[in-house]
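Colleague: Next come the chains, spelled out residue by residue.
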Amino acid sequence: MERYVFKTTLFYMAVVLIVIVAVYPFYYAILTSFETGTAIFNPNVLPEAFSLANYQAVLSKGAFIRSVGNSLLIAGVTVAFALLMAVTASYALARVRFRGRGLLLMTILAVSMFPQIAVLSGLYELVNLFGLYNSPFALILSYTIFTLPFTVWVLTTFMRDLPVEIEEAAIVDGATPWVIITRVFLPLLWPAMVTTGLLAFIGAWNEFLFALTFTISETQRTVPVAIALLSGASQQEIPWGTIMAASVLVTVPLIVLVLIFQRKIVAGLTAGGVKG
Amino acid sequence: MAQSFTGRERSLQQQRVRAAYTFLAPMLIMLAVVAAWPLLRSIGFSFTDATADTIFNGESKWVGFENYLERRVRSNGEVRWRGVLVDPDWWNAVWNTVRFSAVSVALEATLGLLVALVLNAEFKGRGLVRAAILIPWAIPTVVSARMWGWMLNDQFGVINHMMMSVGLIDAPIAWTAQADTAMLAVLIVDVWKTTPFMALLMLAGLQMIPRDMYEAAKIDGIHPIRVFFKVTLPLLKPAILVAVIFRALDALRIFDLIYLLTPQSDATVTMSVLSYRELQQFGDYGEGSAMSTLLFLIITGFVLLYIKLGRVDLTGSKS
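Protein chains in written order, with this note's numbering: chain A, 1 to 276; chain B, 1 to 319.
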């Protein structure tokens, strides 16, 4: 009995430790975001001040709101675009037997693991060639490089596991492949598309390297670049309060989304083996 | 009757294959434009003396392997080697990348497995704990870099404050600035952010192990630790392997975290960061592209290893 109590206590201590380590840094960011002046430089564990000045500072700058808009637009269009192409492509890859299918799937998987830096100079040239430098289209185009292979891969895995029978009746009725996709598969695919779309959206929302390289003016920045380049009155002074307020503003919606779609995301992650 | 049916089936199959090619076309064209072409151009740049100025006006010229390795004989007969492959900065970046990848993946796999084992047990509030560990994963890398940069701040950081108040250290540490702690700081943040992902992958693997295997072991009176090493670990090996290779691929190309948390530090600069500096800061597209091409080759090797070891199901035939 004593051993059992000891073991259970140890187990719950481990649980509490896991939760504290996971949650504390973000909690501390929230605390800091509500502090101003000298209070900010005084490390504390419990809330000591409550001021909205940092949030006012962030939101009063038009540039930050603008970059939230940019990020929403870029991530939204990228994901819609990727899903549109992925639905038909993954039907072909999952349900039709043709020569070279294995090789094609392998290539798609390999592209999704590309180091972004390996295409950076080529993409930089391409973006300039198309006259897209410093515009949202530069990022929509370049983000396809990771959202498209990922959505195709996950949707293919998902579609492959659906039974043959659901298609057979439609084939016997003489339905064309296009009709089969839109009438038979699309209604079944919605849940998988929501999950994949959300994961691809998070990927595009968080992307940093391309956004840093392909935009130059403050109005064209996405959220990660805007946060990375937030500066204070002088070069030496880092405005920690405002940075934390901006961070909290862009992270809370993400956390809420992730928690709502928790179960589905875990399933999607294990199916696609997606990057973190 | 049967004859005509197979005939009809064959034409149906042909129709399906034709449709499949049409369906694949948009994706293939898109990937050719945004992935294949830029990759080939980047590799191409690595064989030229292109700079930020000459990249668009076509004045850059072919230099062969000079960016990688070049043998120069001086007038006095002295032989000098130059290029990325003899550049100490490059090898420093390779060493940093390898060191970072090996340590972070090992730590994340071990801690991830421990967290997965905890989450695999049934207890009250398990759902809440699982939700809590998803938070670090959901936070954008840029935000976690800034958040931890603040917590690890030398003067006002809460980490120094905590460690000093319990007497672990006597004086504040400049975690991200000092050469001997910069890599540690990067590792802390990466492990914090990525362990949840590893834990979830491993938890999925753990839940595939049939419960009656544990029950059988329990009836036979086998010690739990023995059960872990003799039953759980061998059965979990494929899941661990896939997760580890996948993470290694990600770790090898790390950029954001290091660029933001420890900028300009030689102790943490990785292949991606060095290549970026060469391209964007110094405008040397030749050497920068040579570096990114070398990184691409290394990662391709790992991808092939992943496909081979992970026995990725490419054919769709269920194994």
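Among the clues, some could well be false.
[Unchecked claim] Each computed DSBU-like pair below joins lysine-lysine, with the alpha-carbon atoms no more than 35 Å apart:
no., chain 1, residue 1, chain 2, residue 2
1, A, Lys7, B, Lys218
2, B, Lys308, A, Lys7
3, B, Lys218, A, Lys264
4, B, Lys308, B, Lys237
5, B, Lys237, A, Lys264
6, B, Lys237, B, Lys218
7, B, Lys124, B, Lys218
8, B, Lys61, B, Lys230
9, B, Lys124, A, Lys7
10, A, Lys264, A, Lys7
11, B, Lys237, B, Lys124
12, B, Lys230, B, Lys218
13, B, Lys124, B, Lys61
14, B, Lys124, A, Lys264
15, B, Lys61, A, Lys264
16, A, Lys7, B, Lys237
17, A, Lys264, B, Lys230
Don't read these hints as lab results, they were simulated from the structure.
Colleague: Against this structure, judge whether each hint is valid.
Modeller: Comparing the hints with the structure gives:
Distance restraint check for Lys7/A and Lys218/B: the Cα-Cα separation of roughly 17 Å lies within the 35 Å cut-off, and the hinted pair is therefore satisfied. The straight-line distance between the Cα atoms of Lys308/B and Lys7/A is roughly 41 Å, outside the 35 Å bound, and the hint therefore fails. Proposed proximity of Lys218/B and Lys264/A is supported: the alpha carbons are some 33 Å apart, at most 35 Å. With a CA separation close to 15 Å, the supplied pair Lys308/B and Lys237/B stays within the 35 Å bound.
Between Lys237/B and Lys264/A the alpha-carbon distance is near 24 Å, which keeps this suggested pair within the 35 Å criterion. About 22 Å separates the Cα atoms of Lys237/B and Lys218/B, which keeps this hinted pair within 35 Å; it holds. Between the alpha carbons of Lys124/B and Lys218/B the distance comes to roughly 23 Å, so the proposed pair stays at or under 35 Å and holds. A hinted pair counts as satisfied when its Cα atoms are at most 35 Å apart, and Lys61/B with Lys230/B does not qualify at roughly 61 Å.
Taking the CA atoms of Lys124/B and Lys7/A, the gap is about 16 Å. The hint holds against a cut of 35 Å. Using a Cα cut-off of 35 Å, the hinted pair Lys264/A and Lys7/A holds, with the two alpha carbons roughly 33 Å apart. This hinted pair checks out: Lys237/B and Lys124/B have alpha carbons roughly 28 Å apart, not beyond 35 Å. Restraint check for Lys230/B and Lys218/B: satisfied, since their Cα atoms lie roughly 13 Å apart, inside the 35 Å limit.
A C-alpha spacing of about 67 Å is found between Lys124/B and Lys61/B, which places the hinted pair above 35 Å, so the restraint is violated. Of the pairs offered as hints, the one joining Lys124/B and Lys264/A holds, with about 21 Å between alpha carbons and a cut-off of 35 Å not exceeded. A threshold of 35 Å between alpha carbons decides the hint, and for Lys61/B with Lys264/A the separation of about 52 Å lies outside it, so the pair is violated. With a CA separation close to 27 Å, the supplied pair Lys7/A and Lys237/B stays within the 35 Å bound.
Distance check on the hinted pair: Lys264/A and Lys230/B sit about 32 Å apart at the alpha-carbon level, within 35 Å; holds.
Of the hints listed earlier, those the structure fails to meet are numbers 2, 8, 13 and 15, in rising order.
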